[in-house]
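Enquirer: Here the numbering used here is used: position 431 in the sequence shown is 431, and no number is missing along the way.
Hints should not be assumed to be uniformly reliable.
What the hints assert, rightly or not - With a cut-off of at most 25 Å between alpha-carbon atoms, the simulated DSS-like pairs for lysine-lysine come out as follows:
no. : residue 1 : residue 2
1   : Lys299    : Lys269
2   : Lys667    : Lys724
3   : Lys321    : Lys269
4   : Lys506    : Lys522
5   : Lys379    : Lys431
6   : Lys506    : Lys255
What the hints assert, rightly or not - Label-pair restraints from in silico Cβ distances:
no. : residue 1 : residue 2 : range
7   : Thr365    : Leu143    : 33 to 41 Å
8   : Val68     : Gly513    : 33 to 41 Å
9   : Gly407    : Lys379    : 14 to 22 Å
10  : Glu430    : Asn187    : 50 to 58 Å
These aren't lab readings, by the way, just hints derived from the structure by calculation.
Note that the Cβ used here is the ideal one computed from N, Cα and C, for glycine as well.
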Amino acid sequence: MILLTITWIIFGLIGLALAAGGGYLVSLGGSPYYLVAGLGFLLTAVLLAMRRPLALSVYGLVILLSLVWAVWEIGFDWWQLGPRGGVIVLLGIWLLLPWVRRPLGPMDAVDQRRGAAAWPVAVPVLVAIVVAGYAMFQDPHDLSGELPDATTKTAATSAVPDGEWHQYGRTPLGQRWSPLDQITPANVAGLKETWRFQTGDVKLKDDVGETTYQVTPIKIGNRLFLCTPHNWAIALDATTGKQIWKYDSNSGMNKDRQHQTCRGVTYYKDSAAAAGSACAERVYLPTSDARLIALDADKGTVCESFADKGMLHLETGMLHKPAGYYYSTSPPVIVAGKIIIGGAVNDNYSTTEQSGVIRAFDVHTGALIWNWDSGNPAKTMPIGPDEHYVTNSPNSWSVFSVDEALGLVYIPLGNQVPDQIGIGRSENVEKYSSSIVALDINTGQDRWVRQTVHHDLWDMDVPAQPALLDLTGADGTTVPALVGATKQGDIYVLDRRTGEPIIPVKEVPAPGGAIEGDFTAKTQPVSDLTFMPRPIEEKDMWGVTMFDQLMCRIDFHKLKYEGRYTPPSLQGTLVYPGNFGTFNWGSVAVDPERQVMFGMPTYLAFTSRLVPRADVPPKGQDEKGSEQGLNRNDGAPYGVYMGPFLGPLKIPCQAPPWGYVAAADLKTGKIAYKRVNGTVQDMTPLPLPFKVGVPGIGGPIITRGGVAFLGAAVDDYLRAYDLKTGRELWRGRLPAGGQATPMTYLDADNRQIVLIVAGGHGSVGTKPGDYVIAYALPK
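With the hints as constraints, model all of the structure from the sequences given.
Expert: Here it is as structure tokens:
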């Protein structure tokens with residue numbers, strides 16, 4: 001009897017919660033299911049309290065109706081069916097227990113209850129279990145297909161030997177493609193760790209949250225060069241992993257920095273210098289205190305002939321210089337005797353941040369050759385000592401690509417702070433913000449600009465290094481192409497001579513309704529090759545249980561959302577894809593022989609809510625030094641609360657999958673496959689290796705051997721994939737988060753090495769570390 005009493009109380013409380021929440025959801029225009037289910041729970045509770053066997057029939061009907069509703073809404077998707085029906089089925093099994101059913105049956109001749117019949121609940125529970133079992137073997141999100149085989153073997157496009165990796169994307173073209181072919185789909189399962197090195201640069205207690213390890217090492221000769229989050233430069237023996245030298249830039253700590261990271265260093269060999277002379281070979285290290293330091297590649301000592309005793313101060317020419325607001329997180333490019341570099345600014349801190357100017361310096365002396373400022377693009381001659389660059393002009397924090405034959409450097413441009421408020425932007429900002437720009441290597445003048453978002457109010461800056469390759473058309477002619485990946489999921493395939501689309505780009509109507517004083521673009525560009533998700537719907541809301549799913553449905557309807565590019569609002573706006581990006585700085589890899597691309601589209605909804613300046617808390621209260629939480633936007637009429645769209649249990653409100661690996665044929669513009677990627681093994685308290693498709697940040701590489709390598713996902717693995725089909729072939733467990741782009745090379749024993757840095761990522765919360773890990777096939 002006590003168990004029955006507890007049971008009807010539980011059913012009653014659940015019924016009250018579902019009926020109240022469901023009624024509120026209906027008032028917002030949502031599904032009536034939760035209200036109906038709540039009433040079903042309440043009726044079941046009343047009948048249980050009255051000891052009526054009809055309670056089981058009523059609850060059996062609740063199970064069946066819930067099952068029909070769930071399948072109608074989302075089909076046979078296990079990860080969506082589970083939260084909808086898990087609690088309901090478990091409670092059904094509870095009602096089948098004899099000590100619950102026995103008090104519900106009629107009295108027999110000696111006043112003993114015989115127990116109510118089990119079948120009214122048992123049959124629905126059995127049906128639900130059968131449907132769940134069927135759904136577990138379905139894969140409704142995988143898109144299967146194949147890429148074409150390579151038809152030609154590419155000629156050498158740079159001076160980079162096959163066994164080396166000279167720049168962030170291996171060559172100035174940024175392809176992330178290696179001509180090595182020792183490792184193939186047939187043997188990649190034999191990869192074993194061959195050495196590991198720990199840098200000693202670990203995340204500290206006082207570090208900013210966005211302390212991340214994103215470096216891709218470069219390999220020249222038998223040496224590896226890399227940097228660390230606190231801006232150490234390290235040289236390693238590429239065969240053994242032994243340290244050759246280390247240099248500490250002493251860039252210090254600053255709580256006002258939004259990011260503490262380094263994506264790579266840049267190598268330069270002075271062909272005019274005598275062999276073996278000091279600084280004939282150099283490594284250039286960007287730092288988080290806005291310096292560019294030239295180091296002797298042999299010894300790790302400062303090359304004092306460069307700039308100011310070896311150090312170029314990147315804040316020179318800035319009108320406002322708040323410490324910690326400006327730095328370089330990405331390696332510069334070197335071409336035609338020039339080192340070309342941009343810089344990152346803190347998103348949404350202030351309207352008086354440093355300029356986003358792109359500058360070219362003499363690679364030997366550090367003398368300024370030209371400067372291109374998107375706020376004043378016509379003037380590229382070096383500014384004078386009493387002049388300043390335009391405050392808060394759109395910046396480029398990512399990596400550039402170079403076509404030396406065309407004389408162009410390709411710049412992925414960001415937005416002007418604040419990202420979510422477009423009031424008062426200049427004509428130049430409106431033209432260049434969130435675009436890919438081609439600059440003349442010699443003069444800095446812009447040759448063309450291709451904007452990927454008009455009047456960006458969503459922080460959809462172009463985050464990725466463009467990849468350059470030559471595409472063969474249907475008529476057999478070859479076109480020099482640029483492949484640009486964007487946060488919103490569009491892949492721009494452009495003629496890199498002119499910026500004109502090779503794969504068509506069309507303008508489509510966009511939502512309106514900006515705040516007073518602002519506006520939205522009437523149309524937005526969309527490439528025919530796009531990985532943008534379909535618009536999110538109420539049925540896409542998710543949770544561990546039906547209760548947090550209900551809360552997510554309520555929150556969904558409370559937010560402003562009219563599809564992609566719904567403008568920010570005071571009530572709160574759903575931003576999907578979110579500013580984390582479908583693609584981010586990891587970019588995509590392209591194969592110049594197959595003429596295909598491989599990448600990792602990620603799908604996470606974000607929210608943004610504008611806060612009038614008078615309501616922004618005092619500085620130091622309720623704010624974050626990242627893209628999550630309160631962004632102050634000092635000097636702007638609004639601050640903004642932003643972050644991922646999470647439920648009460650701090651898991652995404654949006655149903656998985658959140659991450660895929662995918663590929664497309666660049667000649668046809670068709671997506672070949674999309675495969676769910678990654679597990680929740682490192683996302684939950686219990687190490688459950690459920691493959692749901694997890695988010696990630698980082699980039700892929702591909703090889704002539706037909707294998708793609710990618711870490712990036714928030715479970716700690718480096719994975720190998722069959723490039724042709726996207727099928728996972730191998731994975732190696734990492735001791736920390738692998739949110740860095742891997743690379744591959746030949747060591748002194750002529751073995752192909754695959755290398756990744758595993759150090760974690762502040763934004764996605766993976767395990768921090770300081771590991772450099774090399775894999776190879778057994779000798």
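Enquirer: Could you run down the list of hints and mark each one as holding or not?
Expert: Against the structure, the hints:
For the hint linking Lys299 to Lys269, the alpha-carbon distance of about 14 Å falls within 25 Å, and the restraint holds. Note on Lys667 and Lys724: the hinted pairing holds, with a Cα-Cα distance of about 15 Å set against a maximum of 25 Å. About 33 Å separates the Cα atoms of Lys321 and Lys269, which puts this hinted pair outside 25 Å; it is violated. Of the pairs offered as hints, the one joining Lys506 and Lys522 holds, with about 13 Å between alpha carbons and a cut-off of 25 Å not exceeded.
Of the pairs offered as hints, the one joining Lys379 and Lys431 holds, with about 16 Å between alpha carbons and a cut-off of 25 Å not exceeded. With a CA separation close to 43 Å, the supplied pair Lys506 and Lys255 exceeds the 25 Å bound. Distance hint check for Thr365 and Leu143: the Cβ-Cβ separation is about 53 Å, which falls outside the suggested range of 33 to 41 Å. As the Cβ distance of Val68 to Gly513 is approximately 37 Å, the hint placing it in 33 to 41 Å holds.
At roughly 20 Å, the beta carbons of Gly407 and Lys379 sit within the given window of 14 to 22 Å. Between Glu430 and Asn187 the CB atoms are about 53 Å apart, so this pair conforms to the stated range of 50 to 58 Å.
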